[in-house]
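In my numbering, the protein residues as written are 4 to 574.
Think of the hints as simulated: they come from the structure by calculation, not from any bench. Wrong hints could be hidden among the right ones.
Derived DSSO-like pairs (lysine-lysine); straight-line CA-CA distance at most 27 Å [what the hints assert, rightly or not]:
| no. | residue 1 | residue 2 |
| --- | --- | --- |
| 1 | Lys53 | Lys98 |
| 2 | Lys216 | Lys318 |
| 3 | Lys264 | Lys236 |
| 4 | Lys115 | Lys205 |
| 5 | Lys377 | Lys288 |
| 6 | Lys124 | Lys90 |
| 7 | Lys229 | Lys288 |
| 8 | Lys10 | Lys90 |
| 9 | Lys51 | Lys229 |
| 10 | Lys17 | Lys46 |
| 11 | Lys229 | Lys46 |
| 12 | Lys98 | Lys229 |
| 13 | Lys288 | Lys264 |
| 14 | Lys53 | Lys229 |
| 15 | Lys377 | Lys405 |
| 16 | Lys98 | Lys264 |
| 17 | Lys216 | Lys259 |
| 18 | Lys405 | Lys532 |
| 19 | Lys259 | Lys205 |
| 20 | Lys124 | Lys89 |
| 21 | Lys46 | Lys561 |
| 22 | Lys288 | Lys311 |
| 23 | Lys98 | Lys216 |
| 24 | Lys311 | Lys321 |
| 25 | Lys525 | Lys561 |
| 26 | Lys115 | Lys53 |
| 27 | Lys229 | Lys205 |
| 28 | Lys532 | Lys561 |
| 29 | Lys10 | Lys46 |
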Amino acid sequence: MSTFHRKLRQILLKGGAVEEGALDAAITQSQAESRPVTELLIKQGLAKPKDLLGLIAREIGLTPLDVGHVTTDADVGEWFSEALAKKYSVCPISKVGQCITVAMFDPFDVVKVDQLRLETKSEIRPVVALEESILEAIQRAYGPGTSKMQDLVEGMHDGDVELKVNEADRDAANQHDISDTNEGSPAVKLVNMMIYQAIRDKASDIHIEPFEKEIRVRFRQDGMLKEVLSPPKQMSQAILSRIKIMAGLDIAERRKPQDGKFQVKVETRQIDFRVSTLPVVHGEKAVLRILDQSNLALQLDTLGFEPKCLEDYAKAIKSPYGMILITGPTGSGKSTTLYSAINAIHHPHVNIVTVEDPVEYQIYGVNQVPVNPKREMTFAAGLRAILRQDPNVILIGEIRDKETIEIATKAALTGHLVLSTLHTNDAASTITRMMDMGLDAFMVSSSVLLICAQRLARKLCENCKQPVPIPEERLAELGYTPEQTSGAQFFNNTPEGCGRCARGYRGRFALLETMPFNETIKRMVVLGKSIQEIKSQAIADGMITLRQAALLNAMRGKTSLEEVARVTLAD
Numbered sequence: 004m005s006t007f008h009r010k011l012r013q014i015l016l017k018g019g020a021v022e023e024g025a026l027d028a029a030i031t032q033s034q035a036e037s038r039p040v041t042e043l044l045i046k047q048g049l050a051k052p053k054d055l056l057g058l059i060a061r062e063i064g065l066t067p068l069d070v071g072h073v074t075t076d077a078d079v080g081e082w083f084s085e086a087l088a089k090k091y092s093v094c095p096i097s098k099v100g101q102c103i104t105v106a107m108f109d110p111f112d113v114v115k116v117d118q119l120r121l122e123t124k125s126e127i128r129p130v131v132a133l134e135e136s137i138l139e140a141i142q143r144a145y146g147p148g149t150s151k152m153q154d155l156v157e158g159m160h161d162g163d164v165e166l167k168v169n170e171a172d173r174d175a176a177n178q179h180d181i182s183d184t185n186e187g188s189p190a191v192k193l194v195n196m197m198i199y200q201a202i203r204d205k206a207s208d209i210h211i212e213p214f215e216k217e218i219r220v221r222f223r224q225d226g227m228l229k230e231v232l233s234p235p236k237q238m239s240q241a242i243l244s245r246i247k248i249m250a251g252l253d254i255a256e257r258r259k260p261q262d263g264k265f266q267v268k269v270e271t272r273q274i275d276f277r278v279s280t281l282p283v284v285h286g287e288k289a290v291l292r293i294l295d296q297s298n299l300a301l302q303l304d305t306l307g308f309e310p311k312c313l314e315d316y317a318k319a320i321k322s323p324y325g326m327i328l329i330t331g332p333t334g335s336g337k338s339t340t341l342y343s344a345i346n347a348i349h350h351p352h353v354n355i356v357t358v359e360d361p362v363e364y365q366i367y368g369v370n371q372v373p374v375n376p377k378r379e380m381t382f383a384a385g386l387r388a389i390l391r392q393d394p395n396v397i398l399i400g401e402i403r404d405k406e407t408i409e410i411a412t413k414a415a416l417t418g419h420l421v422l423s424t425l426h427t428n429d430a431a432s433t434i435t436r437m438m439d440m441g442l443d444a445f446m447v448s449s450s451v452l453l454i455c456a457q458r459l460a461r462k463l464c465e466n467c468k469q470p471v472p473i474p475e476e477r478l479a480e481l482g483y484t485p486e487q488t489s490g491a492q493f494f495n496n497t498p499e500g501c502g503r504c505a506r507g508y509r510g511r512f513a514l515l516e517t518m519p520f521n522e523t524i525k526r527m528v529v530l531g532k533s534i535q536e537i538k539s540q541a542i543a544d545g546m547i548t549l550r551q552a553a554l555l556n557a558m559r560g561k562t563s564l565e566e567v568a569r570v571t572l573a574d
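All chains, full assembly: derive it from the sequences and hints.
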């Protein structure tokens, strides 16, 4: 056993944090697997991060620090090299005068502190942090920034990302010759690297944001943004120009928002990108939406719905006519749920036509119409044309105006199954939204089969999630009853995460609230009952709300109570 482990063992046993046998086993395992012993203790549920940190700090008389909530100075690389941080497993936090505050897990190693003082030619003020948190903080502090930019760019291979240009989608005024760009330039390689990494990380969006002294690149993974890159400010214009050329946009226009798209081939996969640019104070921001069809789950039973919700949805999509509406904010998985319905009812004897803005995923055998306002192809215009094409099923990407909802409602009343989306907070409030758009109560009650509300919640990582005790008051506040929580075990994420996840979460699943329009609900709509009365009746009829669906998944250990509170509102 090393000197470090002996001292750590003495501190933890003295503080009564861990039983002796369990601690010795964890130390042996950590040495065998070259992993931090504190990481094993936390993962195995033997100790809590705050307890470990507090004991160690108190014993050696230094300040404890949760480096996960600390932002390192932006110019850290100028006064403390990344190589030095990794060599000694320490993370520099700040520098005031000639004194550097350094987070370290083994501050009683005076030789290390003296060596840092010599190499930095500065005074060292150590603070205590957990080892696994320090390693993550080092990566966050230095990241793939300017010091690694050249290595990242040179590490790209020409065949990693292959641009597929669809000339037919470009306006003549915005055509650019891809061959005129220098494919070996740093900007081209950097954009390729961002695209390649985002696809490998299964990100849904890439945000490229210019600021006064830097560019910030963030990926949206599992619905949460994380910073991954800080290219030099001088590359800003070259990066935006490259993206505009790929998307067929006007590189000379920097004062107006622009929208475009392109397709790339990565590891034999064809992946579509939607591009949006926006003028901001320090240049242009670009957001790239990644549409990877290989990540599209088209089987209804793989979406994670509750059995009752899945039954309601499956029954509705088998109806010969009527309207099914899915509501929720942008990015809540509504399109995926609609596509899953189309896939379930797809058959050679069924004529399915969609009108979308844009067509996100192409489905073989389905006639998909893209909206193009420049050519007067709006949702309403496309819908009118579709009704002359003898359709059985019509999918409308989104209902945005009175004209579209009137045509859609009439189509649902005249023998067509209509599926679409709206932006409302829950199923019941969709009724008010439809009436606000110009429909009368009778039309709503006669046409609607089912209204769904949807959200996406993050799944806990099965590798590193840990059981946590939850006070009964907190459970009652969230909506649990004593009968539900009797004997239930709840889990939480580990903020540090593991090698398989992002801060304790990995992937997402859908929460669905389904409100079938039975005779009671229809009668209440016609009589003008309040939304709260209608929702209460739907719950009495067996509707599982978004909050209830989330709570059920938390009881199963699929997600955390923090995630429940984040994505759903109390009923």
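Against the structure, the hints:
| no. | hint | verdict |
| --- | --- | --- |
| 1 | Lys53 / Lys98 | holds, 26 Å |
| 2 | Lys216 / Lys318 | violated, 56 Å |
| 3 | Lys264 / Lys236 | holds, 25 Å |
| 4 | Lys115 / Lys205 | violated, 39 Å |
| 5 | Lys377 / Lys288 | holds, 24 Å |
| 6 | Lys124 / Lys90 | holds, 17 Å |
| 7 | Lys229 / Lys288 | holds, 16 Å |
| 8 | Lys10 / Lys90 | holds, 21 Å |
| 9 | Lys51 / Lys229 | holds, 25 Å |
| 10 | Lys17 / Lys46 | holds, 21 Å |
| 11 | Lys229 / Lys46 | holds, 24 Å |
| 12 | Lys98 / Lys229 | holds, 25 Å |
| 13 | Lys288 / Lys264 | holds, 16 Å |
| 14 | Lys53 / Lys229 | holds, 24 Å |
| 15 | Lys377 / Lys405 | holds, 20 Å |
| 16 | Lys98 / Lys264 | violated, 45 Å |
| 17 | Lys216 / Lys259 | holds, 23 Å |
| 18 | Lys405 / Lys532 | holds, 23 Å |
| 19 | Lys259 / Lys205 | violated, 30 Å |
| 20 | Lys124 / Lys89 | holds, 18 Å |
| 21 | Lys46 / Lys561 | holds, 17 Å |
| 22 | Lys288 / Lys311 | violated, 43 Å |
| 23 | Lys98 / Lys216 | holds, 20 Å |
| 24 | Lys311 / Lys321 | holds, 16 Å |
| 25 | Lys525 / Lys561 | violated, 35 Å |
| 26 | Lys115 / Lys53 | holds, 25 Å |
| 27 | Lys229 / Lys205 | holds, 13 Å |
| 28 | Lys532 / Lys561 | violated, 37 Å |
| 29 | Lys10 / Lys46 | holds, 21 Å |
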